[in-house]
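These protein sequence lines map, in sequence, to chains C and Y. Just so we're aligned, residue 70 is where the first sequence starts under the numbering used here, counting upward by one. Just so we're aligned, residue 2 is where the second sequence starts under the numbering used here, counting upward by one.
Think of the hints as simulated: they come from the structure by calculation, not from any bench. There's no promise every hint is true.
[Said to hold, decoys possible] Dumping the calculated DSS-like pairs for lysine-lysine here, alpha-carbon to alpha-carbon at most 25 Å:
1) Y:Lys27 x C:Lys476
2) Y:Lys112 x C:Lys495
3) C:Lys587 x C:Lys421
4) C:Lys459 x Y:Lys73
The model shown is predicted, which means the values in this text are computed figures rather than measured ones.
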Amino acid sequence: MKHYQYWLDKLLPSPLTESNTGVVKKRDYKYFSRGLALILLVLVLAPLTLISVVSHHQYKHLLQEEEMTQLILNLETGKNTIEEFVSELQSIVKFVARDDRYQEVLNPEELEALFIRLQKEYPGFADIEIIDAEGSQKAYFGPYQLEDQNYTDQIWYKEVLLRGVYISNIFSGFRHVPHFVIAVSRKHPDKPGHWVLRVTIEGSTLQNFINTISSSYADDMFLVDSECIVQTQPQKYGKIGEKCILLLMEDTAEHCISNSKLEKNTTGKESADLMIVKRTFQGQEITHAVVDLIGTPWKLVLIKEQYLYANTWLQFKIKLATIFLTCVIIAVLIIFEISSAITKHLRESDKKRQQLYSEAEHSNKLASIGRLAAGVAHEINNPLSIINQKTGLVQDIVEMSDDFEHKTLMVDAHESIQNSVNRCKKITHRLLGFARQTDVQVEEIDINATVKEVVEFLEKEALYNQIEIAFDLDQSVSKIVSDRGPLQQVFLNITNNAIDAIGSHGKITLSSRQVDQKHIQIKIQDNGPGMPAKVLKRIFEPFFTTKETGKGTGLGLSITYGLVKKLGGDIKVTSEVGEGTLFQITLPTQHGE
Amino acid sequence: MITIKSKILIIDDEVEFASTLCQRLKLRGMTAFDAHSGTEGLVSLKEIHPGIVILDLKMPDMSGLTVLKKIKEYDERIEVIMLTGHGSSGSGTEAKGKGAFAYAMKPLDIKELIDTIQSADNQRRKV
C-alpha cells in the first residue's frame, strides 16, 4: 500500500502541495501530464498487448492443428487408396491361383489366355509364371526370356512358402526394368508341397497410381521400402533406387511433431506407424509424414514444403500487426489529448482556486484588520473620553476664573486639545463604523434613483473641477431590497474618490445593469490617472491612502468595502495607469442572498 | 441659563471619566453624583433618588441595558441617557427602545450633553 502510494505520488504530484507559496510551477504540470499519460498508456497498452500475444499464439496453434489434421487426412487417404490398390492386385492373383488350377495353368495356352485377360484389366501386368514345389519354373508367359528358372534359394520364394503371399520391393532383376512381384503359394491338390503363382507388375503401374492420387496438397509423394530406398520416382526429394536422405536425417524431439499410430479406421484395417517431422531441408521449411502401408513392404512418404496456411497465417499476422499498431497510435494520440486536457483543466481549476484563495485571504485580512481596528478604536476611545473630560474641566475652570496672565494662551491651547480630540473621535468612530455589526434596515430601492441622488451631492464639486458626470443606467434593472444609507455611502465614497483622483478635467460614468435574476451591478468608471498594481492591492486596507497627509484618513474605501460585504454584495476594482479606474459593485436583489 | 433641577447620577466604570464629568456638571450648577459600577449605581440610585441617570452601556459587572431595566423598575420617571463608546447607533437605538431617553457617543461634547440633559429635565417636568 505504501509502495503504491509512493508511486502514485511520484507519478501524480499534487500541484498545490508541491509549493509552499501556493504558486504552482509549470514543470509540475508537465510532470503530472507525463505521469498521467504513462499510467493511461500502461492501462490501455498492457491488455492490448496481452490480447494480441494470446491471439497470435492461439491462432498459430489452431492453424497448426488444422494443418496437422489436413496432413494426416491426406496421408490416410493416400495410404488407404494404395493399400486398396495393392490389395486388389493381390486378390486377383489369389483368385487366379486357385488350388485346383495348377494343372490348368501349366498349359501354356491356358496361361497365355489367362494372362491376356489379366492384362486387359491391368495393363501393368508384365509376366506370369508358375513354380512347382521344388522351386523350378514350370510355366512362363511374358515378353522376357525367363524360362527354366529355379528359385529355391531366393528369399522371396522362401517367404511366399512361409506366408502364402509375397509382395516384393520394386527392383530391376533379370528383366532390367523396374518392377515388383506378387507371388501366391498354393497347396498341391494331389501331392505334398506348394506350387507358386508369381506375377510381375511394372513399376510404372504403381508410379502412375501414385502420380494420380498425389493431390495438390502434397508437394511430393512417393514410396520407400523399409530401408528407406525410394520405390517410386519423387518429384524433388530423391531418386528411385537410392536412399531417401530426408528420411535418414536424425530426428530430434523438436522436429518430431507426431510419432504415433494411425488408429484403426472405418475400413477396419489394423493400425500403422505414423511419423510426422518438421525440419528445414535445403533452406526450406518442410513437413514430411511417413506411414507404413499395411500388407506391403512399403512406406508412403508425403512432403509438404510450406504450411498450407502460410498465406492465411501471414495475412493474419499483417492484420494483427495493423490492428495493434492502429490501436497503439490511436490510444497514444487519445491518451496524450486526454492527459493534456486534464492537465489543462487542472491547471485552470488550480488557478481559479488560487484566485479564490487569494480573494478569501484578502477579505479575511480585511476582516482581521477591521476587528483589530475596532479593538484599537474601542480601547483608544475610553482614554480619549477621559482626555476630553479632563480638558473640558480645565477649560471650564479657566473660563470661570478671572483674567490671569497667559489665560488666552491657555484657552487656545485647550481648544487645540479639544480639536485634536475631536479629530481622534472622528477616526475612532469611522473605524468602529468599519467593523460595526448594526442591523441592516432594508427597504425596496430603485438603484438608478439612488445613484442619481448621491451624485447630486457631488455635482457642484465636479462642476468646479470641470469633471463631467455621465450616466448609463439600464432602466429595466430590477429594484433591490437593501439598506439605503450604506448604499448611498458606498456610491458617495467611490464617486468622491474618483473626483479626487481625476483632480480636474475628466469624466466619471456611472452605469447599472442586471447581471442575472438575483444580482445587479453598478459600475463607476473614471478616466483619471489610474493606480499601479501595488496600490490597487492595498486599496481596501484601512489607513491606506495615497492622498497627502491630512487630506485623507485612508478609511473611505475600507468602510465602503465593509458596507458592500455587509449588504451581501461584492466589490471589485480594476485600474490601468494612465487609463483610469473602474469600480464594479455587485449587489443581491434580495437582502440576505 | 441652565435651569436643571433634577439630580443627576453618572454610572460609568471609568472612574476618571465619571468623576470629571460629575465635576463639570457641578461647575455648571447642577446636582451631580457619580458611581463606578452597575451595582454601586443601583445602590446610589436608592440613596440619591436622581431625576436623570447618565449610564454607560458597557460595564464589567453588569451591562448598561440591565441597569437601565432595573432603574426603570425602580422608578419609571427617571430619565436615562445612555453613553456608548462603540460608534454604534444600534446599541443606542436598542437602549432607546428599552426606555432610555437618549444616547450620546463618547467622547462627549459637553454642550450636546447638557442640551440632552436639559431636554430630559424638561421631559420629566412635563410628566
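Hints, verified against the model:
no.	hint	verdict
1	Y:Lys27 x C:Lys476	holds (22 Å)
2	Y:Lys112 x C:Lys495	holds (17 Å)
3	C:Lys587 x C:Lys421	holds (23 Å)
4	C:Lys459 x Y:Lys73	violated (31 Å)
Consistency note: the structure conflicts with earlier hint 4 alone.
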